[in-house]
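Asks: Protein chains in written order, with our numbering: chain A, 1 to 334; chain B, 1001 to 1325.
Calculated from the structure, these hints are not laboratory results.
Mixed in with the good hints there might be a few duds.
DSSO-like, lysine-lysine: derived pairs with alpha carbons at most 27 Å apart [said to hold, decoys possible]:
#, chain 1, residue 1, chain 2, residue 2
1, B, Lys1268, A, Lys205
2, A, Lys205, B, Lys1087
3, A, Lys11, B, Lys1197
4, B, Lys1087, B, Lys1200
5, B, Lys1268, A, Lys5
6, A, Lys143, B, Lys1272
7, B, Lys1148, B, Lys1200
8, A, Lys273, A, Lys205
9, A, Lys333, B, Lys1272
10, B, Lys1268, A, Lys177
11, A, Lys175, B, Lys1268
12, A, Lys304, A, Lys333
13, A, Lys205, A, Lys143
14, A, Lys273, B, Lys1197
15, A, Lys273, B, Lys1087
16, B, Lys1139, A, Lys333
17, A, Lys143, B, Lys1268
18, A, Lys333, A, Lys273
19, A, Lys62, B, Lys1268
Computed from a predicted structure; not experimentally measured.
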Amino acid sequence: MSAPKPILEVKDLKMHFPVHGGLLFRRIATVHAVDGVSFDVRPGETVGIVGESGCGKSTLGKAILRLYDPTHGQVLFHGRDLAHVHGNDLRVLRRDLGIIFQDPYESLNQTHPVGFILEEPFLIHRIGSPEQRRTWARELLHKVGLPESALDRYPHEFSGGQRQRIGIARAIALKPKLVICDEPVSALDVSIQSQILNLLLTLQKEMGLAYIFIAHDLAVVKHVSDRIAVMYLGKIVEFADADTLHHRPLHPYTQALLASIPEPDPSRSVEDKPVLEGEIPSPRNPPPGCRFHTRCPYAQPRCKTEIPSLIPWADAGEAHRVACHYAGALQPKA
Amino acid sequence: MPKLLEVRDLRVRFDGEAGPVRVVRGVSFDLERGATLGIVGESGSGKSVTALSVMRLLPKPAGVIESGSVFLEGRDLAALTPAEMSKVRGNRISMIFQEPMTALNPVHTVRRQLAESYELHHPEMNAAQVAEASLQMLKDVGIPDPSKRLDEYPHQLSGGMRQRVMISIALACRPDVLIADEPTTALDVTIQAQILKLIKRLQREHGMAVLFITHDLGVIAEICDEVAVMYAGQVVERATAKELFASPRHPYTSGLLASIPRLDSVRKTLLKTIEGMVPDFSSLPRGCAFSNRCEMAVDACAEPPMLAPAGGERLSRCPRWEDMK
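Next up, chain B with everything else stripped away, as it sits in the complex:
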């Protein structure tokens, strides 16, 4: 039986005024039914572009999938016509975004926007069925007073409620895969906890798989089974969440983990840092993209490293992973 979602050697380029920039440079991963894979990285790591490529939602005409495949149950989404793809999008794979205000239509009520997904993907449903299903969706995502909320516009809702509405629309057709791109980054921490809990509960109830994109390792730890760490357009480490946090096997991952201030760290002591900054895509170091910031770099790092087995099921792009404590 084919995997639910398989991304193979995805390469994405943006054509800008200064020439093409390769922002996703050979990303592969797969996602099992019901599992949660987190993709974590800093700005410019290519994590969001990877998600948008899976949905075939790259900004046109600048964003181009140069090569690679995205298989949904063995069917290559990258090869579908736009009409075929729009039958998949919102139906089999849905996406939620950081800022629901940009994803929701400001001139339509919540009811209209929910109905749209049913009309598109389930034309056999009559108006009464659509109304009932919509109400049920709002109840499912924990919106108080759902029958009243159905007739409100996005601007009448708080940030947390908008995020719930967006989730209800994304899940209306019971997708197999939910792609969540920083869905809690703009929310307050107590509201973030509510939304993460909601996503986890809905995932259990609906049995969907979740691809969770975030910059926050704390959020990753709370919600993901497996993690892919991205840097400069590539996956540099892949492991289960437990293994990754217990013993990172790429210097970038361990650097990130050490640089986060924690509640139980000793106050006012200097934090570990990763020196320098994320390199510009136009001037990546030769070989390993992290080598110019890496404390462990050696001459061999001038050769481009492969994402290779690093003990058990784990993968690391660092040839020196065995030297990490």
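For reference, chain A alone in the conformation it holds in the complex:
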């Protein structure tokens, strides 16, 4: 059985930001926020992107949506390259794309009532009559579990979880094919987090949505994702289906990330846990060779000079890719 044709293909995407400074405000450095990332998303599936701060996961999401202009690479969506379309073409393509942010308070226009916020996507794309738009706004509220009375209220009158529901309603208004969720639950309390995750899972089933789910919490990402990309300093270091990644992580960073998660199980004390030493280097000045070698407990001389590519692991083909010279044969440093 061959995999269904992807709806999104990201090919060698790079997003570099110049750093200016000094007396003449010249370009003094470059932040390699995303540095050659390739993956695809199939219809109706969730691809999770996980990593710590500075790994480039949020930048990747924004570059895919063209909220940034990528430095290099392609983002193929409906056969068009999102990275290189302009004006009306971009607007038309974006109808099929949605985004949900960490803090909906920042992303919702606070001077408008919720009714307007939900009708606006239709207005921008000139769809429907005023009566139809109001009906659709009501349906959207119903879909995300908010009462109709929300239409005339303002974002600040809602709690964090409710605001995230409004953000989700807006993101799915135009029935997109793909929604990018950028840390959608990390600002929420535990009891609200599960409500929002359930809502996202339910909407995916009902509407056949595909998600790119970006988060720092691997347990959350694993729960909602079909396939997961682990990022470190602008690069994908491992890509596999979610269960394989959990049960058979091959990259030392993935292994460390899994081991660091505090699990609600008091039989494992933190003192017995293997802990990754050192800090995440700055993406302004990433280490040469494998970017993880400065913290890797298995690093060999080769890792300091030669950048490992993200390649299929053994016979797994595209199903499990890893960027480590010594994947499957890790030997502790002498």
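Model the placement of chain B on the given structure of chain A, informed by the hints.
Replies: Same frame as chain A, now just chain B:
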């Protein structure tokens, strides 16, 4: 011999424009020497306000301790004058916060800020002794290149390093109690593991007691011996970490535990949820504060429940704890 730290029926009120809001509503717990007590709860549960009240660091003039006592080895901290309290703070009890940048002084070097605690609490130490002790503290908290770091400013340090510096300042005078208020919440998960490990090691070496405030049950499981679960300004359950995770005896605790996605849960299945949201302090339900979200609520829950024995040493504020599986 009196307990190390005893908090008795603590009640805290915030005076706002819309009138007084009672955010801590009768909290009691004690902390033994060398032990770790976790206080876990969601936003608005009153966990941080409880910690700040112990330190007498409530924002003035809005925050008021209405009643209750905080005994440190039998001495009531709530009754001390501000001058007496400042001799206790940073010396016998220290506190670390979620965001070290707000706790550290941005215009002073690490050296200056460490020296400050020694000057305040150990005026007998000379400059050379202070310098030596400061260097030793930075070594203790695992800061690489400590002699260089001493002369740096907070903004020159990474988040993880700042947290280590804050811990070194808090522990400089070898306090008996360390209050840690979400110290790893803003950190990346691999750095969080380093800091938790560090706190645990320092606790063993210094023999201090730790009051650990967090919203993260995973962190609680890793670091705490005992746990108090807070909801709407009250402790709703108190147990050892082992007992709490094995068999919660308050519906709020079991709801929280069930709603966390775990690595080994079945992917893409719906999680258990606690319906509704944390009630506003101005409109708490009558009786049990959790009753409007509780699956087990019965008519009797309209009466305010007491925190009562629930088998062994455990306490629960749910009169139906025996009905929980």
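Asks: Look at each hint and say if it fits the structure.
Replies: The hints, checked one at a time:
1. Our distance criterion of 27 Å between C-alpha atoms is met by Lys1268 of chain B and Lys205 of chain A, whose separation comes to about 10 Å.
2. For the proposed pair Lys205 of chain A and Lys1087 of chain B, the alpha carbon gap of about 60 Å is over 27 Å, so the pair is violated.
3. Between the alpha carbons of Lys11 of chain A and Lys1197 of chain B the distance comes to roughly 40 Å, so the proposed pair goes past 27 Å and is violated.
4. The suggested pairing of Lys1087 of chain B with Lys1200 of chain B holds, with an alpha-carbon distance near 26 Å, which does not exceed 27 Å.
5. Taken as a hint, the Lys1268 of chain B and Lys5 of chain A pair is honoured in the structure, with Cα atoms around 22 Å apart against an allowance of 27 Å.
6. Restraint check for Lys143 of chain A and Lys1272 of chain B: the C-alpha separation of about 19 Å stays at or below 27 Å, so the hint holds.
7. At most 27 Å may separate the alpha-carbon atoms for a hinted pair to count; Lys1148 of chain B and Lys1200 of chain B meet this at roughly 26 Å.
8. A threshold of 27 Å between alpha carbons decides the hint, and for Lys273 of chain A with Lys205 of chain A the separation of about 38 Å lies outside it, so the pair is violated.
9. For the given pair, Lys333 of chain A sits about 44 Å from Lys1272 of chain B by alpha-carbon distance, which is inconsistent with the 27 Å threshold.
10. Proximity of Lys1268 of chain B to Lys177 of chain A is assessed by CA-CA distance (about 19 Å); at most 27 Å being required, the pair is judged to hold.
11. A threshold of 27 Å between alpha carbons decides the hint, and for Lys175 of chain A with Lys1268 of chain B the separation of about 21 Å falls inside it, so the pair holds.
12. Taking the CA atoms of Lys304 of chain A and Lys333 of chain A, the gap is about 13 Å. The hint holds against a cut of 27 Å.
13. Between Lys205 of chain A and Lys143 of chain A the alpha-carbon distance is near 13 Å, which keeps this suggested pair within the 27 Å criterion.
14. Between Lys273 of chain A and Lys1197 of chain B, the direct Cα distance comes to roughly 9 Å. Compliance with the 27 Å bound is thereby established for this hinted pair.
15. For the hint linking Lys273 of chain A to Lys1087 of chain B, the alpha-carbon distance of about 37 Å lies beyond 27 Å, and the restraint is violated.
16. Note on Lys1139 of chain B and Lys333 of chain A: the hinted pairing holds, with a Cα-Cα distance of about 25 Å set against a maximum of 27 Å.
17. With a C-alpha separation of about 19 Å, the suggested pair Lys143 of chain A and Lys1268 of chain B falls inside the 27 Å cut-off, and the hint holds.
18. Distance check on the hinted pair: Lys333 of chain A and Lys273 of chain A sit about 18 Å apart at the alpha-carbon level, within 27 Å; holds.
19. Taking the CA atoms of Lys62 of chain A and Lys1268 of chain B, the gap is about 25 Å. The hint holds against a cut of 27 Å.
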